[in-house]
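Please assemble the complex out of the two chains, which come individually in their own frames, going by the hints.
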Amino acid sequence: MSLVYTQSWLDKASNKAEEIRQRYDNRIADLIVKDLYANAEEIARKAVVFRRRSRGWDKKLDDILTSRRFGYPVMVALLGAVFWLTIVGANYPSDLLALLFSRLQEKLTWFFSATGLPDWFHGVMVLGLFAGLASVVAVMLPPMAIFFPLFTLLEDLGYLPRVAFNLDHIFKRCGACGKQALTMCMGFGCNAAGVVSCRIIDSPRERIMAILTNNFVPCNGRFPILIAIGTVFFAGTLPYGLQSAAAAGVVTAMVVLGVLLTFGVSWLLSQTILRGEPSSMVLELPPYRMPQLLPVIYRSIIDRTVFVLRRAVIMAAPAGALTWVLANTHIGDFSILAHIATLLQPLGQMIGLDGFILLAFVLGLPANEIVIPILLMMYLSTGRMVDFASLEELRQVLINNGWTWLTAVNMMLFTLLHWPCTTTLLTVYKESGSKKWTAMAFLIPTVTAFLVCFMVTQAVRLLGLV
Amino acid sequence: MNAQINKQVLREHFGIHARPEQVVVALAGNPNVGKSTVFNSLTGLRQHTGNWPGKTVDNAQGVFSYRQTSFLLVDLPGTYSLLAHTIEEQIARDFICFGHPDATLVVLDATCLERNLNLALQVLEITPRVVICVNLMDEARKRGIIIDVKTLEKELRVPVVGTAARIGEGIEDLKEALWQVATQSTHAEPAQVRYSLEVEEAIRELSSALDAVPTGPLNRRWLALRLLDGNPSILAGINTYFELISN
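In order, the protein sequence lines correspond to chains V and G.
In terms of the working numbering, the first sequence is residues 1 to 466.
In terms of the working numbering, the second sequence is residues 1001 to 1247.
The shape of chain G in the complex, shown without the other chains (with noise of 0.2 Å):
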């Protein structure tokens, strides 16, 4: 059972408080595309809000249930990026990569899907646990913008539903997409960035020095990329995770 416990240890450290037959869901998405709407239709009431443990940052948490299963949804800010330019985009992050979410919810603005396409491509390279939610369908549809959902989803390798969530639709096959992912073993196989020869080079030298450095959850060629992007900040949370698991 040392593995529930770790997994509870690290909810706690982001103040996430989950039964352990809870699911817990990661919700991100860039400002404005909507994000607390969709929050808002699958936990309706059953939620609360604070901050992140010692952050300034407004943390809200939400509970609904699907199929005798209980979910519990934590919205992480909205951020254009996974950089960690910003503490916000260092909250986020940080929690897709340590807060073991069982899934992660990516809500993209249907109306400018190429700038949101973005983070969802980000969070692809973290984790293989994600549902696209494409969310502003309606207002996309009278801007004459048509997605084409079947064919992002072939694209994404992972499942992406169409929502409008001010008007509750496909918010019901939402919740059959993140059970989906969530609870069952099979594991999605997600679309990559493909870098360019340089990078891939770079990413190649790194990844050979990196082969006995312990990364706990984090893929070894996506810490390689941040290592380049020379941004430190994911030490501190790869130390922080040696730290709680190991007491």
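The following block holds chain V by itself, in its conformation from the complex (with noise of 0.2 Å):
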């Protein structure tokens, strides 16, 4: 028999398969994974008796943390506790970092106008480069070195596929899959590796639904920008004692935000363009294990630490210089920067945010990371000089820079809700294979982001509150 004859048999057949799923709106890969489960079950009942036994203390813990009563309770106390240690703990050690590298700062720039090298070059590789270099890594990495061991521990524990557990009919609800719950603790992580993740989703739509909407869920890179503008705006005029806590509560009501707004957005995916029937799926709950110390802070510090904070500087370098060649070459009366800045102005307004803020996460778009670096850059640019040693002196500047607690509000939901950054879009298109579905990423967080903060400031300034 010759190929070329038996492949063209295989194009029509696969041809005709696809006008049949086309017929039935895509859903029939569910439909064929849905009804191997049900098969699955209904052999299983009738092959599999359970017999009553005494419980461990394993199982009685299951009764409370899986419990309908303490279940949430728990689960949200958990989530607060992590971020509270988090920012507790990188408070001292963000401050003695940024101190550090102003100190280092001064000592370059003596050295570079002792040497008598040109003001510009000064400028690209001190105020630009270094201190772009600098301020990524006083912010990123105390959060970052204690919130990762605490997640890793959370997970070697077996706390996380209760977590699983415990959203699963929520998810079901939405049309989607409760392993969904696993691919978003890994976005808490990276995004892209989150959105990775979504292998272990055996439907199709589940997936592509479950890669929508992983970048609702902070990664690190956004998640500093969270704690630093939480900890200096909500928490700063409060006794010292109640500041963390302040700062936590903050960080976990945005964190729980973003998980409403996966559960909405994924309903509405399911009823639009994702239509179909939640799969059932087997959910095990391994048994709860005692962590080891060692590995848990190998992973979380070498794996994890080291690799988004590298990747952090490897972006925060060339971004802070060409923020500051951006900044420094001026065209009539103001800066390239200033331009745009005041291009992008009226929509930032109307967002509640300003031009600058809208040109940071533009910038932004390689790697959350560097956001707020390139945004003090950019405030410090524009002739109102302050030193940045301290959180306190990040309230000034912004201050300084017309902020009020509205804009601080919509930072962090911009934060929270705005596009992926590229390397997720590149993880995206080769997940899913499809150039639609990368622009849905790309597009249903965006569209979201100005809807949610243009309401907000709308309603704010509507009420006068303002």
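Some hints here could point you the wrong way.
[Stated by the list, open to error] Partial list, computed: chain G residues near chain V (C-beta under 7 Å):
#1 P1031
#2 V1063
#3 I1145
#4 L1210
[Stated by the list, open to error] For lysine-lysine, the following DSS-like pairs were computed, each having C-alpha atoms within a straight-line distance of at most 25 Å:
#5 V:K46 <-> G:K1142
#6 V:K430 <-> G:K1055
#7 V:K59 <-> G:K1142
#8 G:K1142 <-> V:K60
#9 V:K16 <-> V:K435
#10 V:K46 <-> G:K1150
#11 G:K1154 <-> G:K1175
#12 V:K46 <-> G:K1154
#13 V:K16 <-> V:K436
#14 G:K1175 <-> G:K1007
#15 G:K1007 <-> G:K1055
#16 G:K1175 <-> G:K1150
No lab work stands behind these hints, which were simulated from the structure alone.
Glycine residues also receive a C-beta, built at the ideal position from the N, C-alpha and C atoms.
Structure, rendered in structure tokens:
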């Protein structure tokens, strides 16, 4: 039999299959998986008998951690506790690092002027490149070095599958898969990793849904922004003991909002472009385990912290230099940066931000880690020079540039909801193999971010709260 | 002897070099169900490991004898399904489809049978020459889970053997069942997945379009299902199959 002959028949058959698939709204693959599970369930029901037996301590623990009454409160409380520990722990080293870097910068400046190097070179290298790098490290490193080990600890204890179990029925009601909770947990580390982890979801429809909504979990690039803004704006005025608790509360609220939006958007998708029944899935609750401390620290420091920081530094150094050049190259009376920011100003205003913030998010497309450093550099280069050496000074810089609590709220909302970074988008393209879904992965968060910030801003202004 | 040569070519494509009289058994199962323990207790130390040709996925092969018959046991990658989402699933599926195993042994975890049955049903859709091994029976007993092997056998309509490979329980029965399925010509008619009306309608429609299509060792119903999945990787497998046997 000739191979060409075989090929042409197969082509015809797959075209026919494609036609049938289209006619069924692309739901066939999901129906097949669902029916498979249903058959397995039916056979298992006939062949498996469970005998009552005394319950071990882990069963008793599960009775609490996955119960209707305590499941959610425990989940939110644990999340809050992790954030609180991160914020409390990160405060001091952050300030210390910032101080260290500003001393170092003075030394560098002195060295540059002593050796008679040109001013512009000093600007690009020290005020741009070095300052960008330094603020990324000072802002990002301490929270990551605390958050990741804590999160890995929860993972190793076996708590994360319980989270998936708790959230399963909500995901089902939204037409999504319960395993999405696990892919969201991965998203806390990195959305690109979260998107890759969506492979654990069998149904193609639910996998796309999980991929498209993964960005609503703040990855570690955005998570320090939430912590920094939350700390300086919503905790600054409180007595010292309450500061970190308030900041942790704000960050927890943001993450919970992200989760709620994930449900909402999943539901919308399941009613519109990703219609279909949720497939049933079997989630295994592994036994609780005593985590091994050294591997936990190794994995979270080496695999996550160093990896993420490296990426941030690689992105931050050139971005810092570029920002300095843009801020110091003048066309007419204003720098290029100011021109672009002026252009973006009306749009920023509408959603309670300003042109500089929007520009910082645009420049932060390769890596969200650099949004705050770029923003500071832009603010500082416009004449109001303030040395940024502590969170209090960060607050001063922002307030000097017209920030109110509403700006801070919108900044956090926009951070949580806006478009994914380029790495994540590339990963979505690789995983879905489709330009359409990649475009959706960009559009859905972007539209959500503008919509939410717009509504919040208009509501607050209408009520005259600012 | 053409069929014999074809068989050999197909197996060698997957890196399996069996002697002509040797019986080849594919070993499938979910990850962490004690598949390697079953593998070890069947083959003992007579095994070697390598990679699947051209892939970075581990491949282990081992030999054992039973009733003067030599068995070559091929350990497939541990997978939850055969829907070919991952490279491991694709290797497992392609070997069962095109590698010409004389029997496929599916290892299930007695402590979570339901999830594991999913894979067993998918294998039964491809080939009737299957033995089901319900492993970790001891662990299940400890947790108060009783597996009714007879009922399971009646439901699946292929031989089912309960084992606790760790303590060697049921291994002899497993060899007997494998010998029966691999060397005897009596064909089982295993249980088939019952799909919902919509899916059955789509299968019927596509099957009629597949009537004239050369599908090699695949049954048309199964091929129709995979085409409806929208996963074209199976077509590459069919092409390779015809390429191999036409040379």
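Could you tell me which of the numbered hints above are not met by this structure, giving the numbers in increasing order?
As far as the earlier hints go, 1, 2 are violated by this structure, in ascending order.
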